[in-house]
Structure formats: C-alpha cells, structure tokens
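Engineer: Let's have the full structure, built from the sequences with the hints guiding it.
As they're listed, the protein sequences go chains G and Z. In terms of this note's numbering, the first sequence has 134 at position 126, counting the first letter as 1, and numbering is strictly consecutive. In terms of this note's numbering, the second sequence has 161 at position 152, counting the first letter as 1, and numbering is strictly consecutive.
Simulated from the structure, these hints should not be mistaken for lab results. No residue lacks a Cβ here, since even glycine has one placed at the ideal position from N, Cα and C.
Capping the alpha-carbon separation at 27 angstroms, the derived lysine-lysine pairs in BS3-like fashion look like this: (1) K79(Z) to K230(G); (2) K162(Z) to K103(Z); (3) K110(Z) to K79(Z); (4) K110(Z) to K230(G); (5) K144(G) to K79(Z).
Below, a sample of chain Z positions facing chain G; criterion: calculated Cβ distance under 7 angstroms: (6) A81; (7) H98; (8) P108.
FRET-style restraints, in silico, Cβ to Cβ: (9) A175(Z) to K21(G): 38 to 46 angstroms; (10) A187(Z) to L151(G): 49 to 57 angstroms; (11) T211(G) to E183(Z): 24 to 32 angstroms; (12) Q91(Z) to R306(G): 34 to 42 angstroms; (13) A187(Z) to Y229(G): 35 to 43 angstroms.
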Amino acid sequence: MSFSVTEPTKGTKWFAGILVVAYAVVTIIPLLWIIATGFKSPTDSIAYPPVVVFEPTLEGYVNLFTDRTRATAQMLEEAGPPTTWYDEIARERGTVISGPSRYGERFLNSIIIGFGSTALCMILGTMAAYAFSRFKVPLKDDLLFFILSTRMMPPIAVAIPIFLMFRNLGLNDTHLGMILLYTAVNLSLSVWLLKGFIDEIPTEYEEAALIDGYTRFQAFYKVVLPQAATGIASTAIFCLIFAWNEYAFAVLLTSGTAQTAPPFIPNIIGVNGKDWPAVAAGATIFLVPVMVFTVLLRKHLLRGITFGAVRK
Amino acid sequence: MAQIRIENVRKDFGSFTAVQSSSFTVEDGEFFMLLGPSGCGKTTTLRMMAGLELPTKGEIYIDGEEVGMKPASERDIAFVFQMFALYPHLNVRKNISYPLKSQGMPSAAIKQKVGEIAEILGITDILDRPVGGLSGGDRQRVALGRAIVRDPKAFFMDEPLGALDAEFREHMSEELRALHDRMNATTVYVTHDQLEAMQMGDKIVVMNHGVVEQFGVPQEIYDWPATKFVAEFIGSPPMNFLEFHGMAGSGETSVSFGDTSFEMPRLLDGDSGALTFGVRPEHIHLDDSAPYRGAVTAVEYLGTTQIITMDTMNGTIKVRTASSNTVKVGDRTGLHFDPRTVTLFNAETGKALQSEANAKVLTHG
Ligand SMILES: Nc1ncnc2c1ncn2[C@@H]1O[C@H](COP(=O)(O)OP(=O)(O)OP(=O)(O)O)[C@@H](O)[C@H]1O
Ligand SMILES: [Mg+2]
Numbered sequence: 009m010s011f012s013v014t015e016p017t018k019g020t021k022w023f024a025g026i027l028v029v030a031y032a033v034v035t036i037i038p039l040l041w042i043i044a045t046g047f048k049s050p051t052d053s054i055a056y057p058p059v060v061v062f063e064p065t066l067e068g069y070v071n072l073f074t075d076r077t078r079a080t081a082q083m084l085e086e087a088g089p090p091t092t093w094y095d096e097i098a099r100e101r102g103t104v105i106s107g108p109s110r111y112g113e114r115f116l117n118s119i120i121i122g123f124g125s126t127a128l129c130m131i132l133g134t135m136a137a138y139a140f141s142r143f144k145v146p147l148k149d150d151l152l153f154f155i156l157s158t159r160m161m162p163p164i165a166v167a168i169p170i171f172l173m174f175r176n177l178g179l180n181d182t183h184l185g186m187i188l189l190y191t192a193v194n195l196s197l198s199v200w201l202l203k204g205f206i207d208e209i210p211t212e213y214e215e216a217a218l219i220d221g222y223t224r225f226q227a228f229y230k231v232v233l234p235q236a237a238t239g240i241a242s243t244a245i246f247c248l249i250f251a252w253n254e255y256a257f258a259v260l261l262t263s264g265t266a267q268t269a270p271p272f273i274p275n276i277i278g279v280n281g282k283d284w285p286a287v288a289a290g291a292t293i294f295l296v297p298v299m300v301f302t303v304l305l306r307k308h309l310l311r312g313i314t315f316g317a318v319r320k
Numbered sequence: 010m011a012q013i014r015i016e017n018v019r020k021d022f023g024s025f026t027a028v029q030s031s032s033f034t035v036e037d038g039e040f041f042m043l044l045g046p047s048g049c050g051k052t053t054t055l056r057m058m059a060g061l062e063l064p065t066k067g068e069i070y071i072d073g074e075e076v077g078m079k080p081a082s083e084r085d086i087a088f089v090f091q092m093f094a095l096y097p098h099l100n101v102r103k104n105i106s107y108p109l110k111s112q113g114m115p116s117a118a119i120k121q122k123v124g125e126i127a128e129i130l131g132i133t134d135i136l137d138r139p140v141g142g143l144s145g146g147d148r149q150r151v152a153l154g155r156a157i158v159r160d161p162k163a164f165f166m167d168e169p170l171g172a173l174d175a176e177f178r179e180h181m182s183e184e185l186r187a188l189h190d191r192m193n194a195t196t197v198y199v200t201h202d203q204l205e206a207m208q209m210g211d212k213i214v215v216m217n218h219g220v221v222e223q224f225g226v227p228q229e230i231y232d233w234p235a236t237k238f239v240a241e242f243i244g245s246p247p248m249n250f251l252e253f254h255g256m257a258g259s260g261e262t263s264v265s266f267g268d269t270s271f272e273m274p275r276l277l278d279g280d281s282g283a284l285t286f287g288v289r290p291e292h293i294h295l296d297d298s299a300p301y302r303g304a305v306t307a308v309e310y311l312g313t314t315q316i317i318t319m320d321t322m323n324g325t326i327k328v329r330t331a332s333s334n335t336v337k338v339g340d341r342t343g344l345h346f347d348p349r350t351v352t353l354f355n356a357e358t359g360k361a362l363q364s365e366a367n368a369k370v371l372t373h374g
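Structural biologist: Encoded structure:
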C-alpha cells in the first residue's frame, strides 16, 4: 500500500511537469516572437524562413513614437546633421522626424481608462458585494441573477444602442464614457467574485469592530477590506485585463481624444507600408502595465485565483 | 458597571422564533450564565443584549436605559466571541488597542493602558506578535484583553472556552472567574455545559427552545428545578424520573404508586393524572428493608462514588452511592428516597408542583 492521497507519485509529477512546460511553450512563444519582432529591421521581420538570430535595432520603437516624412535633399540640408540617435535612425531610411506620433497619447488614454474603470469597478463592486453578502436585500437572489445575466451575451451585442445612447449623452470619444462603459461591463463579474470572497470572511470580525465602537462603514473599510485584499486584487486584475485589451467598443466609440492603444496599433500598419516592427514595439510596450500590475499583486493573486480554496 | 434587564424579549427569524419571550435581570457585578442546549437561543439572546441583533419585541435595559434599538457601538459593552474574532491583519498590541483607538485616546495613553492589561493577563511578551500563530490560550487572553481594556459597562461572552481543549478549559475558566472577581464586572456568559455553568456562575438562566425555563442561583436550580427539562439538563447523571398515574392532593406530605407510599415535602399544589416523581441520584439510598424494589442492571465505578443503574416498575433510575457499597449486576434490593429533596412534576406540562420546599424558588423566578 504505497498509495498516498497527499503525495503525488513520481510519474504524476513528471506528467504534470511536461504538461506545464508544454503549455508554457505554447503561450510564451508568440509573446517572445512579438518582443523579438519589435527589435528587428523591417526586412528581418518579414524574412522567410523567419530569422531567429538577427541584429537588433530600435527602428521599430523610433517609428512607433514618431511621425516621419520622406526627406528631400533640400530638407536634409536645412536640418543639418542628425542631432540625436533617433534622428540618425530615421535618416538612414531617408526620412526626417516631423514630430511625435500619437502613440504616447493613446497609451496614456489606455492607462486612464483602464485603471480608472478598474478603480471605479472595485469601489462600486466591493460595496455592492458587501451589501449582498451581509444585508437582507429585498429580492437578493433575483438581483444577483439579473446582474450576472448582463454578461450572458457578448457586450458587443449591444454596441448599437450604446453608441446611440453615448451620442445623445455626448459621451462618444470621451474618457468618462469609456470608463463608465468598461465599469458597466466589468461590474457584474466583480460583484459576483467579490461577494464570494466577502462571504468567506466571518462576520464576527465586523461585529467585534462594531462592539469596539466603530461604525458600520468604519468596520467595512478597516476590518473587511484588508481581509478581502486578496479577492479585490484578483478581481481588479480581471477587470484591468478586460478594459486594457478591449478593442471592439474602442474602435466604435473612440477616434480622437479618448482613443485607447488597441485601436491605434493597427493604424500603424497603414502609415508607411506594413511596418511590423513598429506594430510589435507598440504591442510590447502595451503589455508592460498589465504585467507590472499583475506582478505587484502576484502574492494576492495566487491565493485569490483559487477562489478561497486555499485557506490560510 | 451596570445592571442589565431583559423584558419579554422576542426574536423571530422569518417565521422561526428563536427566542420566545425572555425576561431576566443580571445584577451589577454578577457573573451570569446563559445555559441551554444547542439551538435554544442563547447566542441570539446575547446578541440582542449586545446590539448585534435587533429584538422583534421587548425591551433591554442597561443601567436603567432602554437600549433595544441602539447600535452596538453605542452600548459600551464588550463581547468575546467563540472563535475570538481577533483581527487577523493586526498584531496583538493593535488588537487590544483597537477599542481605545475608536474613542480617540492619545497613543501614549493607549500604550500605557495596553501595557497594564497585558500585565494582568500575562501576555506582555507576545504583544508584538501577529495573532495568526498564537496558541488557543493566548488567543483567548488577547480576546479578553481587547474586551477589558476599555472598562465597558458589561462583558458578554459566547462560549469563550468552546474552542479550547478540555484540559486547558478548566484552567482558563478559573482564570476567567478570578479576573471577574478582581474587576467585579457584570458578565453574561453563554455556555451549553451545565458543569461549567454551575462552577462559574453566580446566577444561571436555563433556556430551552427559546424559552427561559428557570432563573436563579446554581444551587436552587439544582435542588429545585422548575421543570422536568431543567431537572434533566442539570446534573450528571440527571435527576431520576419515576413516571406514574395517580393523585397528589394539596397539603399532602406523601404520594403513592406501585403499592408504596413515599414521603415528600408538603404540597401546596394538588394535581392528578400523569405525574412524575423526581429525585436526584445521590438522594436515593439502597436499603434492603425498603418496600420499593429495583434490580441492578449496571454498575459504573467512579472512584469515591459509583453510579448504579436499576430497573424499577416505574422506569430506569440511577443511584449514586459510596464505592464501598458492594453491589452486583442482577442484585435485587430496596430503594429509599430522601423525602426532603423530592420534586413532583406534571408529566404533561413538565412543570414542577409547588411544595413547601420549592415554593420560594419557583415563585421568584
Ligand atoms: N440569522 C439567523 N437566521 C435564521 N435563523 C437563525 C439565525 N440565527 C440563529 N438562528 C436560529 O435560531 C436558533 C437559535 O440560535 P442560537 O444561535 O441563538 O442558538 P444557541 O443556543 O446559541 O445554540 P448553540 O449552542 O448551537 O450556539 C437556531 O435554531 C438557529 O438556527
Ligand atoms: Mg450559540
């Protein structure tokens, strides 16, 4: 009887290990490919068979962040010798930099809208989840089902009514509009996830705080919130990832002021032929904030993602 | 410190009534036990007193002031939860300081006060530890510290020893009682352990199915139970019940069943029909010359005493006698019931009939 319920056998461990590695390879290779493409020259980026070893260049990044015009001899003369390293890269292609591109702005929009909607979603979500978890809300089960039902179809199915509504409210192409929209889409999932986390926190802690002389709201944010940190962190990551990557609504509802990075990146393709390194550079930079955010919250995430299965 | 008075308090959860109509008074400085089996409404009663649950009906007075609808934070009481409910994200010192912080006490004063409390409880050395790794006893002490640090009007404790193992419980219950005697704080303590209630309490309320069955000092409740439920719930082994059909006239000093007449305290209440003759195991004596007979079916040795189980024509009874009496399974012998301690009950309602002996206890409760 060498069988044990707690210790995996050697074979199981190997099998699990191979599965994990295979999965990692499948998911990580495209990512590495994108990052590598960002540092390739345009020729290398479309070479067939693909090149794995290449001479890295920052041309993609320069192209991403700048607008360039084809330089005539006269222009080059007027501009004088290149003054910066990125000038130099542009000159090598026979172009001069005419100004910064809009990528910076779009990226900033993504940050404002992504983090803004995530924050709003967390504030509303924790309070709603707390109320659903702790209080006698009339028609509680029906309300919870109704909230969830808003996610039973793809959000884009209601794109037209939202478009019309936003137009009437003057919310088209505004930060506020996009924040509200992403919050609305994410809120149902947040309420459900957070309610699960808050349900797991024994009510005695708040009651102890009430007895210790704190108000219900103080008990909520001083005692419940710190203990729900794990749940809040993992829910926030889900919300951020959705808002950050959302493409369809962004294309439909934004074009100027509030345009986020995802609809902007494909624009790059069209500007000067198919500039794949610039696209890849845009995608790479676009990955960074979510990655940083996830890594910062990783400690919580591991426990949170198992949805309370791991108890302290 | 304060007197706490409960009047006709009722609590409904939907269509379920957890507490029917409770009334009792906890005097200033008393160590008061709320005793009853699981699900009888002890916790609900305590939570209403603390303000964690609103009564459906009735009044709760703390220090003469009606507080039934006041939130917990305004009642100035402390509560020790069964699982202690120490704030897991704070260390021991912060846990104990928490009630003081809500009062806006300056941090130097908090520090001093927490130091004093830690001294009393003997937890000075763990003040800066997180609460996560503490042993059951230390958690208990920290929970007590958090309760007493504020000098509240009263302490409410919901089975505070329930989470500790048996050995340590004994020790902690002594510590608790000593702490109470030192501070003389009004304390309401919930337990389902009758022994704990008898040992620790100045006064006991016995509850069953949301109803207060009896209320009084431990010895009165033990000697003169108001109902069959109390008689059975308190004492180990519980009171013996001999069921019979008969007559018990007002003014009589004896009842008869099984062709035998038994003396008892003079009855003030008469009753007839299905009756129960109640007598504690230690008040039954084996006496071969007695006319009422029983057969020994089991003997349980407990050191200085032994519990003898016997079959009689009115049911099984248990007798507690000195271990020096030699009794064997199968023996038949006579039984004598000490007449001063007998209680008669109406078998249907379960209520004790009043006699000269228990009248005083039953009428004040
Ligand atoms: N919030 C609630 N909603 C519905 N029913 C409840 C609620 N709280 C308690 N009850 C019910 O009320 C009854 C009394 O509960 P209570 O917790 O007061 O019992 P207790 O005497 O403390 O028992 P225990 O010894 O098990 O702690 C139980 O049947 C319980 O199921
Ligand atoms: Mg209870």
